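Enquirer: If you read the protein sequences in the order shown, they are chains E and Z. Here the first sequence stands for residues 1 to 264, where the numbers follow the UniProt record's numbering. Here the second sequence stands for residues 1 to 264, where the numbers follow the UniProt record's numbering.
FYI, nobody ran anything at the bench for these hints, they're computed from the structure. Treat the numbers as computed from the prediction; the structure is a model and nothing was measured. For glycine and all other residues, C-beta sits at the position ideal for the given N, C-alpha and C. It is possible that some hints are incorrect.
[What the hints assert, rightly or not] Now the in silico label distances, taken between C-beta atoms and shown as ranges:
| no. | chain 1 | residue 1 | chain 2 | residue 2 | range |
| --- | --- | --- | --- | --- | --- |
| 1 | Z | T222 | E | T93 | 46 to 56 Å |
| 2 | Z | P107 | E | P204 | 47 to 57 Å |
| 3 | E | E71 | Z | T222 | 27 to 37 Å |
| 4 | E | P204 | Z | A192 | 45 to 55 Å |
| 5 | Z | P109 | E | P168 | 39 to 49 Å |
| 6 | Z | M146 | E | I233 | 25 to 35 Å |
| 7 | E | Q202 | Z | L191 | 20 to 30 Å |
[Stated by the list, open to error] Computed footprint of chain Z on chain E, listed as stretches where at least three residues anywhere in the stretch have a Cβ under 8 Å from a Cβ of chain Z:
| no. | region |
| --- | --- |
| 8 | 72-82 |
| 9 | 231-238 |
What follows is each chain in one-letter form.
There are 2 protein chains.
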Amino acid sequence: MTFKHITSRDNSLFKQLKKLADNTRERRKNNETLLDGVHLLQAYIEHFGLPKLLITAEGESTYEVGALLQELSDVPTVMFTTLMFAELSPVATPTGILALVDIPSLPMPEQADFVLMLEDIQDPGNLGSMLRSAAAAGVEGVYLSMGCTDAWSPKALRGGQGAQFVLPIVERADLVEVTQAFGGQTLATTLAGTSLYGMDLQQPTAFVIGNEGAGLSEALITAASQQVSIPMIGQVESLNAAAATAVCLFERSRQKAASTRGSD
Amino acid sequence: MTFKHITSRDNSLFKQLKKLADNTRERRKNNETLLDGVHLLQAYIEHFGLPKLLITAEGESTYEVGALLQELSDVPTVMFTTLMFAELSPVATPTGILALVDIPSLPMPEQADFVLMLEDIQDPGNLGSMLRSAAAAGVEGVYLSMGCTDAWSPKALRGGQGAQFVLPIVERADLVEVTQAFGGQTLATTLAGTSLYGMDLQQPTAFVIGNEGAGLSEALITAASQQVSIPMIGQVESLNAAAATAVCLFERSRQKAASTRGSD
């Protein structure tokens with residue numbers, strides 16, 4: 001294997017990749033993003049085939065990274081200095097491999113039974129965790145409001161651990177419209193709703209979850225068919241938005257599993 | 001109100017506070033930490049009284065911060081330059097108020113019915129979210145392994161949103177010993193256990209949860225009475241550790257609530 005070895009920050013490819021790493025608008029304009037690490041890259045390849053470009057760093061690499069570079073020797077590869085590589089990576093301890101890929105687009109099912117809508121989630125790690133929970137709980141599609149952080153940023157991808165590759169995601173959606181058009185119950189999670197555990201979640205269900213600090217907008221609460229809450233028995237009265245999402249989504253899995261078992 | 005106004009990074013108080021902000025060992029040595037923002041500070045005051053020192057920044061402050069400074073005018077207060085203040089704050093958009101406090105210590109109940117043990121959690125935001133979920137779900141005590149990130153770091157405090165002020169927490173615990181000594185079932189969460197939903201969680205229960213990447217150590221899995229898993233029906237087979245913790249802890253709340261209702 002011979003890599004193109006780039007050591008200048010003035011290199012135009014480096015500058016372009018840096019823009020992609022840092023800038024939502026650039027990612028959207030080009031429909032491209034960067035994947036960080038062996039795990040994400042393998043998940044991508046499994047679903048969509050080879051990346052457009054591999055990016056690696058000078059110096060020692062792990063056995064895992066070396067093996068993957070060898071396996072993907074047909075893919076154009078560049079090598080940057082350690083410091084330049086670190087500038088492109090979303091993590092404090094870079095994994096040693098990045099890949100440039102097209103942002104995939106999975107078709108939203110025409111009639112989804114289990115949907116998640118997220119309003120104005122700010123933290124990319126939180127958003128990634130929510131998408132990961134959604135993919136694990138069997139959500140069929142996710143809608144993100146205009147004010148949500150980019151689902152395809154390196155940090156959100158890292159939090160999602162591959163969820164973005166299996167989950168149809170519509171960004172910049174008008175959630176009030178989506179709520180009104182949904183053919184089932186739409187449950188707005190607030191601190192003043194009916195107990196989640198009293199709801200029949202086996203019917204077609206959309207959970208509507210709000211911003212980490214501000215909660216859901218009045219417009220969305222009004223558009224939803226009902227408000228639900230997670231009963232809290234402790235001295236703290238709210239959950240991290242990603243934790244609350246996991247509890248809601250998995251309560252549906254639990255009810256489904258219980259009804260399949262024919263008992264509860 | 002007149003504040004001591006400090007503009008030099010060489011100021012010894014600034015240097016000491018910077019050490020506390022950045023350094024676990026320093027926090028442990030002095031048994032002090034920094035709280036960031038009005039919400040955390042109010043929660044602290046509610047439980048433990050006044051902070052030792054207030055820290056604010058030059059320039060505009062929010063109405064909330066101004067009102068709190070006025071209310072706490074008996075507490076010594078210093079004002080730093082905006083840049084110096086930002087160096088002490090764990091967040092990208094500083095809130096405008098920090099407080100120096102003693103790290104509180106809440107007594108662990110002698111016989112706890114609901115316990116959480118966390119092994120080697122690395123991410124302070126994740127740890128904070130787990131503590132917040134624990135406090136909301138009625139956990140009575142939390143044990144953290146030697147390898148866990150500091151529960152009293154500014155980032156973990158921010159993630160906990162006050163959970164650290166209501167939850168007895170033992171840091172640097174020998175979790176194998178704690179598991180063996182616990183007077184109830186100890187459930188190790190893994191990807192290869194019995195379904196969480198089939199467990200009777202109304203008896204005294206400790207959940208044992210592992211590292212974000214590596215999962216639980218063999219020693220702890222062996223020490224626990226049983227392995228449990230959250231059944232996943234989607235295409236992604238694991239959850240963020242904080243999301244998994246929330247699902248496990250709230251399944252116990254659900255079972256308790258269901259038995260109180262006398263149905264399910």
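Enquirer: Would you mind marking each hint as holding or not holding in the structure?
Expert: Going through the hints against the structure:
Evaluation of the 46 to 56 Å hint for T222 (chain Z) and T93 (chain E) yields a failure: the beta carbon distance comes to about 30 Å. Separation of P107 (chain Z) from P204 (chain E) is about 48 Å and conforms to the stated range, judged on CB atoms against 47 to 57 Å. Take E71 (chain E) and T222 (chain Z): their Cβ atoms lie about 36 Å apart, and the range 27 to 37 Å holds. In this structure the hint that P204 (chain E) and A192 (chain Z) lie 45 to 55 Å apart at CB is violated, the actual value being about 32 Å.
Between P109 (chain Z) and P168 (chain E) the CB atoms are about 47 Å apart, so this pair conforms to the stated range of 39 to 49 Å. Between M146 (chain Z) and I233 (chain E) the CB atoms are about 30 Å apart, so this pair conforms to the stated range of 25 to 35 Å. For Q202 (chain E) and L191 (chain Z), the hinted distance range of 20 to 30 Å is satisfied, since their beta carbons lie about 26 Å from each other. Taking a C-beta to C-beta cut-off of 8 Å, the region 72-82 of chain E contributes 0 residues in contact with chain Z, too few for the three needed, and the coverage statement is violated.
With a threshold of 8 Å between beta carbons, the proposed coverage of the region 231-238 of chain E by chain Z holds, since 8 of its residues qualify and at least three are required.
Hints 1, 4, 8 from the list above are not met by this structure, while the remaining hints are.
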